[in-house]
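There are 2 protein chains.
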Amino acid sequence: MFRNTVPRMLILDVFRESTVRHLTADDVYRMLVERQQPVGMATVYKVLSQFEQAGILQRNDLGQGRSVFELPMEGEEEHGHLVCSNGEVSEFTLPGLKEELSRLANAHGWRLTGYVITAYAAPAFNNNDNDTH
Amino acid sequence: MFRNTVPRMLILDVFRESTVRHLTADDVYRMLVERQQPVGMATVYKVLSQFEQAGILQRNDLGQGRSVFELPMEGEEEHGHLVCSNGEVSEFTLPGLKEELSRLANAHGWRLTGYVITAYAAPAFNNNDNDTH
DNA sequence: TTTTGTGCAAAGAGTTTGCAACTAG
DNA sequence: CTAGTTGCAAACTCTTTGCACAAAA
Chain A
1389 MFRNTVPRML ILDVFRESTV RHLTADDVYR MLVERQQPVG MATVYKVLSQ FEQAGILQRN
1449 DLGQGRSVFE LPMEGEEEHG HLVCSNGEVS EFTLPGLKEE LSRLANAHGW RLTGYVITAY
1509 AAPAFNNNDN DTH
Chain B
1389 MFRNTVPRML ILDVFRESTV RHLTADDVYR MLVERQQPVG MATVYKVLSQ FEQAGILQRN
1449 DLGQGRSVFE LPMEGEEEHG HLVCSNGEVS EFTLPGLKEE LSRLANAHGW RLTGYVITAY
1509 AAPAFNNNDN DTH
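Taken in order, these protein sequences are the chains called A and B. Just so we're aligned, residue 1389 is where the first sequence starts under the numbering used here, counting upward by one. Just so we're aligned, residue 1389 is where the second sequence starts under the numbering used here, counting upward by one.
Take the hints with a grain of salt, since some may be wrong.
Label pairs and their computed distance ranges (CB to CB) [to be verified]: (1) A/Tyr1433 <-> B/Pro1483: 38 to 44 Å; (2) A/Thr1412 <-> B/His1496: 44 to 50 Å; (3) A/Met1397 <-> B/Asp1414: 39 to 45 Å; (4) B/His1496 <-> A/Gln1438: 49 to 55 Å; (5) B/Gln1438 <-> A/Glu1466: 32 to 38 Å; (6) B/Pro1483 <-> A/Arg1447: 28 to 34 Å.
Over the 12 Å line for every Cβ pair with chain B, so calculated as not near, a few chain A residues [unchecked claim]: (7) Arg1404; (8) Asn1494; (9) Tyr1508.
Bear in mind the hints are in silico, worked out from the structure with no lab data behind them. Heads up, the beta-carbon is just placed ideally off N, CA and C, and yes, glycines get one too.
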């Protein structure tokens, strides 16, 4: 299983060649259309999920049912996302956070399987407050 | 605006009388049906959103497009959620987290408008690993 | 009686699935 | 050959909206 197919290579290329790190399934789909190498949306979703399971891509749920995928960076720590209302997304890491959460899960007799931390922001001089996400 | 209506009171009662703190719109809807006091699903959603805006309820996005609502507790700090694969949800607070995130947002010239932190866990003696969420 | 609220049905957004045609190994 | 892959269309899940009717103030 996991054959070396054209759609899979194209999707990986998009991530490798994109200047933007975080891509939604739709971003990937449209970038492939632009490149005149369209891949069906269903395939994009299937491949992204497979890549996630294979550890080739990391999925991040940004809330409201939206996920972005990204190529893991070498030796990278788990990180959170800071999402600005202007569409920009940046990353951050909080040292010791994972250990702290693990401790909390253990206190319930559970084991931590993952976590997501997303901060929402707006441009500082923007009075429009209706986007507290 | 914001009239004192039956559906609104019923929905608030559900939260006040529920032993479970975090309720989805669907939870609320079904609890009202059980009580023989059904309220339309559209109304449930509308009222929950209004209550959120009014600060009567807090909304938490648990990822995958699902939100839970809860009654804010007196003098309560912002908190994260620890979601176990068995359906249980518990809360936790990480002192100083908000300040840290505010600092990060400021570094981008943004201001923090909110954040969500959700940790996922599984019962400790459960080998089934396919729910890393 | 004017304004706000309700709730059915329909629309959306993002994602997943069924399945017949296709293709890598 | 044949198990794995593709991609269209249809289904799904959670949530929002349009709108005619009902209820507050």
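To see whether the hints hold, each was checked on the structure:
{"no.": "1", "hint": "A/Tyr1433 <-> B/Pro1483: 38 to 44 Å", "in the structure": "holds (39 Å)"}
{"no.": "2", "hint": "A/Thr1412 <-> B/His1496: 44 to 50 Å", "in the structure": "violated (21 Å)"}
{"no.": "3", "hint": "A/Met1397 <-> B/Asp1414: 39 to 45 Å", "in the structure": "holds (41 Å)"}
{"no.": "4", "hint": "B/His1496 <-> A/Gln1438: 49 to 55 Å", "in the structure": "violated (33 Å)"}
{"no.": "5", "hint": "B/Gln1438 <-> A/Glu1466: 32 to 38 Å", "in the structure": "holds (36 Å)"}
{"no.": "6", "hint": "B/Pro1483 <-> A/Arg1447: 28 to 34 Å", "in the structure": "holds (29 Å)"}
{"no.": "7", "hint": "Arg1404", "in the structure": "holds (25 Å)"}
{"no.": "8", "hint": "Asn1494", "in the structure": "violated (8 Å)"}
{"no.": "9", "hint": "Tyr1508", "in the structure": "violated (5 Å)"}
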